[in-house]
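One line per chain: the protein sequences are S and G, in this order.
Our numbering puts the first residue of the first sequence at 1, with every later residue one more than the last.
Our numbering puts the first residue of the second sequence at 1, with every later residue one more than the last.
These aren't lab readings, by the way, just hints derived from the structure by calculation.
All clues given are correct.
Computed spacing ranges between beta-carbons, pair by pair:
no.: 1; chain 1: G; residue 1: V71; chain 2: S; residue 2: P209; range: 26 to 32 Å
no.: 2; chain 1: S; residue 1: L18; chain 2: G; residue 2: R308; range: 52 to 58 Å
no.: 3; chain 1: G; residue 1: V106; chain 2: S; residue 2: V278; range: 32 to 38 Å
no.: 4; chain 1: G; residue 1: V106; chain 2: S; residue 2: V84; range: 34 to 40 Å
no.: 5; chain 1: S; residue 1: V84; chain 2: G; residue 2: E110; range: 38 to 44 Å
no.: 6; chain 1: G; residue 1: A164; chain 2: S; residue 2: V38; range: 51 to 57 Å
no.: 7; chain 1: S; residue 1: V107; chain 2: G; residue 2: E237; range: 52 to 58 Å
no.: 8; chain 1: G; residue 1: E110; chain 2: S; residue 2: G283; range: 32 to 38 Å
no.: 9; chain 1: G; residue 1: A164; chain 2: S; residue 2: F203; range: 26 to 32 Å
no.: 10; chain 1: G; residue 1: R130; chain 2: S; residue 2: G238; range: 56 to 62 Å
no.: 11; chain 1: G; residue 1: E237; chain 2: S; residue 2: G283; range: 47 to 53 Å
no.: 12; chain 1: G; residue 1: R109; chain 2: S; residue 2: V278; range: 33 to 39 Å
no.: 13; chain 1: G; residue 1: R130; chain 2: S; residue 2: M36; range: 46 to 52 Å
no.: 14; chain 1: S; residue 1: V28; chain 2: G; residue 2: Q172; range: 54 to 60 Å
Using N, Cα and C, we set each Cβ at its ideal position, and we do this for glycine too.
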Amino acid sequence: MARKTPAGGARRAEMLSLLAPTSAWLVVFTVIPILMFVVYSFWTVRNQMIFRELSVSNYVRFFTNPMYPALLLRSLIIAFGVTVTTLVFSYPLALKISRSRGRLKSVLYMLIFIPLMTSYIVRIYTMRLVLGSNGVLNNFLLFLGVIQEPLQILLFNRFAIFLTLCVILSPFMVMPIYTSLERIPRSYIEAAQDLGSTELQIFWRVIFPNARPGLIAGCMFIFVLSLGDFMTPILVGGKQGTTLSKVIQVNFGFAYDWPLGAALSVVLLSISMVVILVSNLFGALREV
Amino acid sequence: MNEILRLENLSKRFDSVVAVDSVNLSIYNGEFLAILGPSGSGKTTILRMIAGFEKPDSGRIIFDGEDIAEVPVNKRPFNTVFQDYALFPNLTVFHNVAYGLSIRRVDRREIRERVHEALEMVALPGYGERYTDQLSGGQRQRVALARALILRPRILLLDEPLGALDLALRKQMQITLKQIQEKVGITFIHVTHDQEEGLSISDRVAIVHQGVLQQVDTPRRLYFQPSNRFTAGFMGENNMIGGRITSIDSEQVCLDSPLGPIRSRQCLSCRGLGVGDEAVIIVRPENILAGSAAATAANSFKAVVRRRVFTGSEEKMLVATEAAPQLELMIKLHFIQHDDQAVGLEDSAGVQIGFSPENCWIVGAERGQGNG
Numbered sequence: 001m002a003r004k005t006p007a008g009g010a011r012r013a014e015m016l017s018l019l020a021p022t023s024a025w026l027v028v029f030t031v032i033p034i035l036m037f038v039v040y041s042f043w044t045v046r047n048q049m050i051f052r053e054l055s056v057s058n059y060v061r062f063f064t065n066p067m068y069p070a071l072l073l074r075s076l077i078i079a080f081g082v083t084v085t086t087l088v089f090s091y092p093l094a095l096k097i098s099r100s101r102g103r104l105k106s107v108l109y110m111l112i113f114i115p116l117m118t119s120y121i122v123r124i125y126t127m128r129l130v131l132g133s134n135g136v137l138n139n140f141l142l143f144l145g146v147i148q149e150p151l152q153i154l155l156f157n158r159f160a161i162f163l164t165l166c167v168i169l170s171p172f173m174v175m176p177i178y179t180s181l182e183r184i185p186r187s188y189i190e191a192a193q194d195l196g197s198t199e200l201q202i203f204w205r206v207i208f209p210n211a212r213p214g215l216i217a218g219c220m221f222i223f224v225l226s227l228g229d230f231m232t233p234i235l236v237g238g239k240q241g242t243t244l245s246k247v248i249q250v251n252f253g254f255a256y257d258w259p260l261g262a263a264l265s266v267v268l269l270s271i272s273m274v275v276i277l278v279s280n281l282f283g284a285l286r287e288v
Numbered sequence: 001m002n003e004i005l006r007l008e009n010l011s012k013r014f015d016s017v018v019a020v021d022s023v024n025l026s027i028y029n030g031e032f033l034a035i036l037g038p039s040g041s042g043k044t045t046i047l048r049m050i051a052g053f054e055k056p057d058s059g060r061i062i063f064d065g066e067d068i069a070e071v072p073v074n075k076r077p078f079n080t081v082f083q084d085y086a087l088f089p090n091l092t093v094f095h096n097v098a099y100g101l102s103i104r105r106v107d108r109r110e111i112r113e114r115v116h117e118a119l120e121m122v123a124l125p126g127y128g129e130r131y132t133d134q135l136s137g138g139q140r141q142r143v144a145l146a147r148a149l150i151l152r153p154r155i156l157l158l159d160e161p162l163g164a165l166d167l168a169l170r171k172q173m174q175i176t177l178k179q180i181q182e183k184v185g186i187t188f189i190h191v192t193h194d195q196e197e198g199l200s201i202s203d204r205v206a207i208v209h210q211g212v213l214q215q216v217d218t219p220r221r222l223y224f225q226p227s228n229r230f231t232a233g234f235m236g237e238n239n240m241i242g243g244r245i246t247s248i249d250s251e252q253v254c255l256d257s258p259l260g261p262i263r264s265r266q267c268l269s270c271r272g273l274g275v276g277d278e279a280v281i282i283v284r285p286e287n288i289l290a291g292s293a294a295a296t297a298a299n300s301f302k303a304v305v306r307r308r309v310f311t312g313s314e315e316k317m318l319v320a321t322e323a324a325p326q327l328e329l330m331i332k333l334h335f336i337q338h339d340d341q342a343v344g345l346e347d348s349a350g351v352q353i354g355f356s357p358e359n360c361w362i363v364g365a366e367r368g369q370g371n372g
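Next up, chain S with everything else stripped away, as it sits in the complex (with noise of 0.2 Å):
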């Protein structure tokens, strides 16, 4: 529900003046080079060669050949697991985080906050540590004697996929929870308890309706970054981890059908863009 505030030709001209420097520069380098894009995806390529004659023979390829679909099926499927995991481990931490004190409190913020600070290919390869054959879960697991020989299905498939996903992207759900769950006036709280509220009851009934906005919005980075996403799978993915955000990059990489690559990403760039709006309809962009 958003307000409009009905605002005067001179506020108008001065919101404007301020908001013409951040317009210009998305319009530049993300306006025109999405729109570079689309108009992409309707060339063709032959023999190596891209020609500039509209066509919507891209788009019959992603449609016509199964395989497109599938992969974007897979992609939804992932980046849909990632969302309702994150969020269910998400929500607890955010509340715990919320509901902390002093020092705790700072220092709980500052681990979800500080892998934020640290390069996402980073985060990406620290999982292959933590999975891969020499990584730390083997060599726990065997220490254990749980197992006698290195797990191999830890890395390089759909799961590690999911898994990495998950652990370097849950950052940008409990922010937003947590920012939401900050803005509930203890008072609300307060008055539910004198109502006669049990826990559950002030945790369903007043915490979680009035934290929703910042669900929704971390539901939506989620739901957008994973379905993006490409170097996770190229990373930690393996043969049998490809995705449609891979296949785009490899068009634009090596099999050098650009075209084909806008339109794929055309595509996925008009899910994210749907998943997008819908979210604002309920409230997300308003939290962050």
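Take the given structure of chain S and dock chain G to it, following the hints.
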């Protein structure tokens, strides 16, 4: 009247700050009690301990003969109206008011009837479908009241509920609150820092200062017979004249003050004071006469007008006596009571002022002395 709640030696400290200092207070069934004090006096902490949001460090909260200090908030038969109303923004007015009943799984039809009734009572019928952000401050306040009263609590706790409203609305809500309290007959404990509010709506007022209960009495008695210096100073404007007691007899107390000797009636608050003690004489501005009428008063002094402040219904005059030019006294002139001579006075004109011993009282110079 029978007692519904009793606070016994109730104390609470936050870190090194003593918020509430062994408060003893009885609250009677069906009364409207105001807890009045300046901000930071501990009045809200007392209320929060009754509600159960704070645990007392020591002391007991006796309700129906049982100590409920350890009973959790949601098990106490009290409800609270919060300062910021704390209405749930995700729910409509109807569901806000219905909240307490719906978590108790009361039958839907009964909920509908009781919510309807409650909204009628607070003069908001037909507002059920609105969300709370579509209401004015006064309307939210009434929704909060309906939400708390619908559970028919034994005691309703109000934490500065009118603090956020503008003056005109506050006056109106004070009357509404009083009317509702009389109608439902529930005991109300109302915390406020507004003396006028405390005096005008409650049956009894408990004055709290620095965590200590200063005096509990009817508004009239508090105003006319404050038992100590703090209460006297807090209840409206006062002139306080310090001095030393020179004699005490069964009817009057004499005090040697910078103005000269002053005679005051004996009063409750002088108990415990003896000849030679430091004490303070308190006279209300409206009880000081000016002009020819003052000449015959038992305590009469020559004074000079320092300043006059016209406020509409009355005029205030600051004067100082010849004997003590540094001590300014405030006089309220009600145009009808005083002769024209005093009303027409210019600044720095001489005037005779006076007051009767019946209109003043003596309290000890130390805080809390003479407290019953």
